[in-house]
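Chemist: What follows is the residue order along each chain.
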Amino acid sequence: MDDRHSDIVIRATELTKRYGETVAVDGISFQVGRGETYGLLGPNGAGKTTTMRMISGLSPLTGGKLTVAGIDVTRQAREVRNVLGVVTQEDGLDTDLSAKQNLIVFGYTAGLSRADAEKRADAVLMFFDLTDKAQAEVDYLSGGMKRRLAIARAFMTSPQVIVLDEPTTGLDPQGRNRVWQELDTMKQGGVTILMSTHYMDEAAALCDRLAIMHHGKILAEGAPDELVNRHAGPEVAQVRVANGARQDVVDWIGNAGFDYRDAGAVITVTSRNGARPDLTGLEGVRVSYRPSNLEDVFLAMAGRTLTDDE
Amino acid sequence: MAATATAYVAGVRLRSIAGIWYRHALVLRRNLLTSAAWYFVEPFVILIAIGIGVGTLVNDVDGLPYARFITPGIIVGSAMFHAIFECAWGGFMRIQKGVFETTLTAPVSTREVAMGDMAWSMTRAILTAVCIGAVAAAFGWIDTVSSVGVLLAAALVGVQFGALGLIFAALSPNVHILSLTFTVVASPLYFLSGAFFPISVMPDWVEPLAWAAPLTPSVHLARGFVTGELGMSHLFAVLYVFAMTAVLFPIAVALLHRRLVK
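If you read the protein sequences in the order shown, they are chains A and B.
Residue 302 in the working numbering is what sits at position 301 of the first sequence, and the numbering runs on without skipping anything.
Residue 827 in the working numbering is what sits at position 201 of the second sequence, and the numbering runs on without skipping anything.
Warning: the hint list may mix true and false statements.
[Stated by the list, open to error] Below, a sample of chain A positions facing chain B; criterion: calculated Cβ distance under 7 Å:
| no. | residue |
| --- | --- |
| 1 | 57 |
| 2 | 79 |
| 3 | 82 |
| 4 | 83 |
| 5 | 87 |
| 6 | 91 |
| 7 | 102 |
| 8 | 221 |
| 9 | 222 |
[Said to hold, decoys possible] Coverage of chain B stretches by chain A, computed from C-beta distances (three or more under 8 Å per stretch; other residues unrestricted):
| no. | segment |
| --- | --- |
| 10 | 642–651 |
| 11 | 723–731 |
Derived from the structure by calculation, the hints contain no laboratory data.
Glycine residues also receive a C-beta, built at the ideal position from the N, C-alpha and C atoms.
Turn these sequences into a full structure, and let the hints guide you.
Modeler: What follows is the structure, given as structure tokens:
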């Protein structure tokens, strides 16, 4: 199928990656439309980064088919990188060069003339509000600035699609907000964005649609609100319990057929039928309700949290 | 602003190599003063210390005053150190910091990454040869005509040891193992290369080993340009360097690819 002029920009079919016996990505299929922001949400080890690396041409496919703007990633690896901007998980900045030189060298290597690379670097620095850091040593930039510079670099060639692996992991709240703002502006400009994240608030804030990944598979796919409504119901219960009675309470919740997450201070309870979990009859606890979120969806589907390690 | 540079030669995208070379040139420009130490001070001291210091104690060697005898070897040896340092140490750092990975997100192949780095290690080899050659020429230890030949020998060494350096960069799991490149590989090769004494003075069993060592033929070649007595052995030296580079280059590319694309 030729997607060159269609509205599907990324088309992954039965995408598979194995390392020896380990299956990192287990036959996933998804499509990203033009101008869409699509997220892969899942814990560490879910297969998000491997998927991103396959799309970026940094990891050969074990099986399946993958096209970007109609270009086959396996057969035309070089052509794909003409339409794709990639931000890898580590920023990959060149600490021997200034901020602006990082951009110019990348732009020139990617095919811009020296003069165009220089002009584009100025424009991109201005867009990312890094103009006064143009001459700065990369080592002396804050984590948030380095991240924005890495995103700026992917932007040097005006790509149709940006692939972002964990855009805000390791950033402080202020840095995160800045990156979110700029991604949102890029999105308004019509760029197609594929991003991975293990932050459910990030996925909810930025993504039009997302795939929830676990153990190399997609568990569910849809718009954030839709996923929450479908799989976690409108509200979850939060149960506070005195330590002595904890086991009894947990047993009661389990026997009643609810999913729960025991986070120490609070036990979060979701119902499987989309209704608000009814905890009438549970004694000696304080119960409050809050609106459900994507974390609850993941809990309901995978039986564990996004932030637990494998 | 679309990407426009699409010139290819035998499937090699020229802009990839130019971009990597440009990166290295910018780094050199940013660090001009510290680089000057590398390019001038160290070889200058070696040249003076050994050429004059040891030279006053030593008679002519192979018909050359000692300082003239060692100048081509020091030039070619310095070319080796520059090439290895750039590609082994620098290459390892660029792997660790994700700089190569970033380059590969542009329309660049692993082979072109290796070629770009080797183009620069050749450039560094030529630069150091010019710097030392200028100092030696000021002392009258090398003449203009033969220095052109020595420069060529240095350029070949730059490419040959650039490939070798990339192999070490791609193989080393950490800096401790990487450092063996200098202590166990580069330094012994330098002192066994015949740069400081004729190979013929070595014990019989060492002699063939010394001749087979990767730097020795290039020292022989460079010295041939200085004495002006060029023969078949010098042609073999050129062929040896070409053959070795032809073997090392695909290995370097394969190892880099294994390290970067997985």
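Chemist: Would you mind marking each hint as holding or not holding in the structure?
Modeler: Hint check:
1. 57: holds (6 Å)
2. 79: With a closest approach of 5 Å, the residue 79 of chain A hint holds.
3. 82: holds (4 Å)
4. 83: Residue 83 of chain A check passes; min Cβ-Cβ to chain B is 5 Å, inside 7 Å.
5. 87: holds (4 Å)
6. 91: holds (5 Å)
7. 102: holds (6 Å)
8. 221: Cβ of residue 221 of chain A sits 29 Å from chain B, so the hint is violated.
9. 222: For residue 222 of chain A, the interface hint is violated, since the closest Cβ of chain B sits about 26 Å away, which is over 7 Å.
10. 642–651: holds (count 6)
11. 723–731: Satisfied; 8 residues make the cut.
Of the numbered hints stated above, those contradicted by the structure are hints 8 and 9, listed in ascending order.
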